[in-house]
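J.: Each chain is listed here by its residues.
2 protein chains.
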Amino acid sequence: MTSANHFELLATDGSARTGELITPRGVVRTPAFMPCGTSGAMKGVHWREVRDAGTDIVLGNTYHLMLRPGAERIAALGGLQHFTGWNGPMLTDSGGFQVMSLSELRKVNETAVTFRSHIDGVKVELSPERSIEVQRLLGSDIAMQLDECVRLPAERSDIERAMRLSLRWAERSKRAFETAPSGHMLFGIVQGGDVAELRQENARGLVEIGFHGYAIGGLAVGEPQSVMLAMIEATAPILPAERPRYLMGVGTPEDLLEAIARGVDMFDCVMPTRNGRHGMAFTRFGQINLRNARHADDPRPLDEESSWPSARSYSRAYLHHLVRSGETLGAMLLSEINIAYYQRLMRDIRQAISLGIFASFCERTRDEWARGDIAPR
Amino acid sequence: MTSANHFELLATDGSARTGELITPRGVVRTPAFMPCGTSGAMKGVHWREVRDAGTDIVLGNTYHLMLRPGAERIAALGGLQHFTGWNGPMLTDSGGFQVMSLSELRKVNETAVTFRSHIDGVKVELSPERSIEVQRLLGSDIAMQLDECVRLPAERSDIERAMRLSLRWAERSKRAFETAPSGHMLFGIVQGGDVAELRQENARGLVEIGFHGYAIGGLAVGEPQSVMLAMIEATAPILPAERPRYLMGVGTPEDLLEAIARGVDMFDCVMPTRNGRHGMAFTRFGQINLRNARHADDPRPLDEESSWPSARSYSRAYLHHLVRSGETLGAMLLSEINIAYYQRLMRDIRQAISLGIFASFCERTRDEWARGDIAPR
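The listed protein sequences derive, respectively, from chains A and B.
For what it's worth, my numbering labels the leading residue of the first sequence as 1, then goes sequentially.
For what it's worth, my numbering labels the leading residue of the second sequence as 378, then goes sequentially.
There may be inaccurate statements among the hints.
Example chain A residues on the side facing chain B (calculated, C-beta under 8 Å, incomplete) [unchecked claim]:
#: 1; residue: Gly40
#: 2; residue: Gly44
#: 3; residue: Gly85
#: 4; residue: Asn87
#: 5; residue: Asn292
#: 6; residue: Ala296
#: 7; residue: Tyr314
#: 8; residue: Ala317
#: 9; residue: Tyr318
#: 10; residue: His321
#: 11; residue: Leu322
Okay, the calculated beta carbon distance ranges per label pair [stated by the list, open to error]:
#: 12; chain 1: A; residue 1: Ile119; chain 2: B; residue 2: Pro601; range: 37 to 43 Å
#: 13; chain 1: A; residue 1: Lys123; chain 2: B; residue 2: Val647; range: 22 to 28 Å
#: 14; chain 1: B; residue 1: Ala673; chain 2: A; residue 2: Gly121; range: 16 to 22 Å
#: 15; chain 1: B; residue 1: Val647; chain 2: A; residue 2: Arg73; range: 31 to 37 Å
#: 16; chain 1: A; residue 1: Lys123; chain 2: B; residue 2: Ala673; range: 19 to 25 Å
Quick caveat, the hints were computed from the structure, so don't treat them as lab data.
Yeah, the Cβ is synthetic: ideal placement off N, Cα and C, and Gly gets one too.
If we strip away everything but chain A, and leave its shape as in the complex, we get (with noise of 0.2 Å):
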């Protein structure tokens, strides 16, 4: 059975897309950078910043989310987007990512699964239709199926039966779907960890069920790029090209050229917040460490020729300084301007694809990074 589409392709390049997605909240452009609200907020990011760098769609994090508030609280005070303020389109993750990376006494088994909260202990048990119905009550715009993610290296025993599980509950999660309100969207996620053979059996089965949408799942968990690469090469031909897909989790500005390069159309990943948390900007010079002695007595902006304004006014010596001394402000400017850098790049992405120089314009963007920072004065 096939979901209605809202997805329309506009341009090819190669086998990079651009197109648009339409979400009950307003149209995403693609290739898309999904920025992480994780607990409902942005780290340190104002939600007007966010939609000011040219963020068309966040992330909200279900296992984050149903833990607290809850979901239910959320449901009754008008849902996520009301709730946060950030009013555009919204898509969220199932949760089984999180339950493997943060909670603790983790147990799989047909039903759901079930673990302890890592905020207070509580024992929750998250199967395929309450994770639909979870994301149901948060409002999103764009709900995934639940998944159980394997992390990498594994034995291809474990990742076999990981990616046969997810399947199965692909099924569940699309059934509970199917009371939706119009509109809304449901995506399937391919999992199959570093075996492409795996991943083609997981994409051909989850086109049989039918989604909105296609995720690949369960990379960016510590593989090369190069195996991160080939299973996108392996994965994406298999899924129909009018749907989206999203490769999540990823990724450095890199990752997401050569994502696009193989078809990938959406992308959330934590690093333009964390990294600037941690003293790190984005910029066409490449990443720049502000914690570095270099910048101390440095009068020049970050990035004259940036279009976000607090990468052209505010001097590496402050942001050092900010950074140095722990303030939060520090923290504030380098994510936003990561942010902005990310969808700064990813418009100039969806142009030049329009133009049929996808190409050339990587070439020229890696070459940026690769001369790197201004000479130091």
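Given chain A, put chain B in place with the hints provided.
T.: Chain B alone, transformed into the frame defined by chain A:
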């Protein structure tokens, strides 16, 4: 020897005064509240929000800034206003108070205070002359004399010794300041602990030396409010009416009303940002603890009639969630809401004094605080 006067009294109402202080970087409307940009940043608040909240002038801490990033460095980078991007009027304290409260192995002699930095343990000497030099390097619009603060309660002999030393340091500070660019100001600081006659003796001595303005220091250090008010009452009448009076490190909104009624024109305090970081909001309903469970399901804003957007638009439930989750955004929102509340209060106070209705304004404001928060629902 008198100093040029940059203060203009516009209206008085009883002992309360409203006026304008002309600094090299702009006009400060008094009574004025100065939020504390301790280390060159307002904790958790962007500078544009500090300004939008109605702030005319901020305070920078000489102690913090001389240790990191260093006064000479800030001077080379164009001064504190340019370095931080605040670009408005700035008052710097002398460093004396923080030496007392933050540093270790403090030793005071006639020449200077010697201490170890709380950051790296380096031994630093701060004399009245060096304090003025540092403040000039920072580019301070209003500098403070170096003084010695005594923790209360204290023996009268200790208070007296510190007061007399501070008075001698006032003279040295004045001499050191003589070559400052025109328009910049130096304030003397009245010490004397909780002993009215020492306060008065000190005030007379400072007036004889002649300063652009006069501060009342060494209060809000743990003594009861009644003692603080008695000390203001003992001191203010001795200070020249045509000069601004600054009560250092104060305080709660209630403290501000009381002190303004006794003729004080300027204040600084970390309370709006510090309490904001601890989940407390200042409102016309009094102080509200957002950590309290009563807010968990409350869709209402902090104050639907607030002039500050965040206090009107975000629900109490969301703020409660952010505070409970330790999300930076909670501290960011409450800090800006609190600064905005303080500045709105100051605006209303200035207006009430202009209209000659300050007493009834205070009564109405206290009634609102006393009525407390809106009923739970």
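J.: Could you run down the list of hints and mark each one as holding or not?
T.: So, going through the hints one by one against the coordinates:
1. Gly40: holds (6 Å)
2. Gly44: Result: holds, 5 Å to nearest chain B Cβ.
3. Gly85: holds (6 Å)
4. Asn87: Nearest chain B Cβ about 10 Å off; hint violated.
5. Asn292: Since the shortest Cβ distance to chain B is 14 Å, the answer is violated.
6. Ala296: holds (7 Å)
7. Tyr314: holds (6 Å)
8. Ala317: Nearest chain B Cβ about 5 Å off; hint holds.
9. Tyr318: At 6 Å from the nearest chain B Cβ, tyrosine 318 of chain A passes the 8 Å test, so the hint holds.
10. His321: holds (5 Å)
11. Leu322: holds (6 Å)
12. A:Ile119 x B:Pro601: 37 to 43 Å: Given about 41 Å between the Cβ atoms, the range holds.
13. A:Lys123 x B:Val647: 22 to 28 Å: Violated: the Cβ-Cβ distance is about 42 Å, outside 22 to 28 Å.
14. B:Ala673 x A:Gly121: 16 to 22 Å: holds (20 Å)
15. B:Val647 x A:Arg73: 31 to 37 Å: For arginine 73 of chain A against valine 647 of chain B, whose Cβ atoms are near 33 Å apart, the range 31 to 37 Å holds.
16. A:Lys123 x B:Ala673: 19 to 25 Å: Since the Cβ atoms of lysine 123 of chain A and alanine 673 of chain B sit about 22 Å apart, the hinted range of 19 to 25 Å holds.
Hint check: violations occur at hints 4, 5, 13; the rest are consistent with the structure.
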